[in-house]
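2 protein chains.
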Amino acid sequence: MSEFELIQLFFTERQASTPTIPLGIGDDCALLSPRAGTQLAISTDMLVEGRHFFAGADPKLLGHKSLAVNLSDLAAMGAMPLAFTLALSLPAADTAWLRDFSDGMFALAAQHQCQLMGGDTTKGPLTICITVFGEIAQGRALRRDAAKSGDDIWVSGTLGDAQCALAGYLNQQALSASDLEQAASRLHKPVPRISLGLALQGIAHAAIDLSDGLIGDLKHILHKSGLGATIWCDRLPLGPVLQKQVQAIQYEFALAGGDDYELCFTAPRARRDDVLAAARLAATPVTRIGYMQEQSGLRMVDAQSNARAFSFQSFDHFQS
Amino acid sequence: MSEFELIQLFFTERQASTPTIPLGIGDDCALLSPRAGTQLAISTDMLVEGRHFFAGADPKLLGHKSLAVNLSDLAAMGAMPLAFTLALSLPAADTAWLRDFSDGMFALAAQHQCQLMGGDTTKGPLTICITVFGEIAQGRALRRDAAKSGDDIWVSGTLGDAQCALAGYLNQQALSASDLEQAASRLHKPVPRISLGLALQGIAHAAIDLSDGLIGDLKHILHKSGLGATIWCDRLPLGPVLQKQVQAIQYEFALAGGDDYELCFTAPRARRDDVLAAARLAATPVTRIGYMQEQSGLRMVDAQSNARAFSFQSFDHFQS
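Going down the list, the sequences are from chains A and B. With our numbering applied, the first sequence covers 1 to 320. With our numbering applied, the second sequence covers 1 to 320.
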């Protein structure tokens, strides 16, 4: 199968045209016509075999996850998904793999009416690079630099189960088969919190999605907003599998485990009811886990308000 | 050096903000505000070590080429460069390599006032994925499907010297050191024909950039426009190094050699003077090499109008 037949078969025939995308796959460039008064939110993520996913990973899950981690970045800006490009390096034109990969990817894309508008296909080590485009009304983005002192800090969903699955696969953590299966769904099928991000527009100040671990990701908000924060480390919403682990692991995985793809956001205290209403609207649970403050640095305190120190770090691609 | 220090050092500090990009590197997404009445032209290209460039390639040239091949796609739409994202997979955080790579990339970006607005950095096999954004007035794009029967077919610059260099490196073609050096500059430092693309707006009908070879790339215009074409294969503008080779090689490299990054475009016969004026404005030579016609298929004829048949093919990532 040639490169062009492959693109035709797996990546173009399922695409409906939209007014926003007058020209999609099949030219030197795609054309995108943003609606008047809107900005584009743009993010790119590259997933490398052996680094972001195991060799031999289920292609359908991989198709889902590759797009999900990008959509999660749109969610963290409060943006509505519009379209994406896909650049794919493949060791061989494996049609069964491509069918499953594109099935997983397009199923998630359809849920969010997010259209594949262009791409590139080449031979090489398995690498997936997606660039995603979302629409947002002028000035409404949830930026990392917009947190205010006194803001509540919230997270969506639960934390740490993706890390449980990873630790299970690496035999660093003993999990029952059913626990591993449950945790694995968090690792392999992250749910981008698009509805919540949209519902938080005009309510939340700052937001970020949790990919490298709560501490490391929250520090980006602190740094960009020029503020500090206190986190109640006993109020973190633990995933159901993490709840069964010992406390040291609970802290570590909830605070520094990667791959959760939940939203962490700040909002004024006066908007607590609005935050909870937005969460109900988005059918996404949220938990208040701390507050922003002038005093720089990130403090973790327990239920008795005693300071807790932890030695673990967030994930860094060039330090681990 | 951490992932974030690396990004800070090599990819953010040189960036000036622009009204079009109210938020660049450093958040979940970048924000892009297109000007009223404009569309975005978007293209993505992935370059893989050992496939698109040799292992150990000069990082400065690689930084140039990675962006140049993407800008070339904008040129082929007649779009004005605005911004790009860079996803980079690197075996190690090699600061000397990164300095040179970013030097090469930013030098070309500055020439075209094209801003790095976001990206991703990860550990893995050396892979470079750029997505580029250009601006184009509504309805003015040079699309592959817009050629008309009777249009002249033109190409910019000269053809085949990049392929001469590649054949030289692979010892498939004997070149003098000075010829190899001259040809190599075409392979390593392609010049995206941005000015020509912009000047051809409103004059040309269809355009494509030549990356896989004239025959294969022109066939995309034929296919999308539902037409055929005749090419005068003795009128092709050969690169100065290719001019020194035997005729069989001249035909093969000019018709099927990759990596030229010239524009091939069609325009009405009545606009010949306008095409030449646009080429002068863009300081880019152009050559008329054939014409579009209703009769399907691509015909090559020599100076005596005799049909010529060739066995070579354009490059395909999954057939070579």
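No lab work stands behind these hints, which were simulated from the structure alone. Just so you know, not all the hints are guaranteed correct.
A pair counts as met if it fits within one copy or between any two copies, since identical chains are not told apart.
As the list claims (entries may be wrong) - Simulated crosslink set (DSS-like; lysine-lysine; CA at most 30 Å straight-line):
hint, residue 1, residue 2
1, LYS123, LYS219
2, LYS219, LYS60
3, LYS123, LYS60
4, LYS123, LYS224
5, LYS148, LYS189
6, LYS123, LYS189
7, LYS224, LYS244
8, LYS148, LYS123
Discussion item. Of all the hints numbered above, which does this structure not satisfy? Sort the numbers upward.
Written reply: 2, 5, 7 and 8
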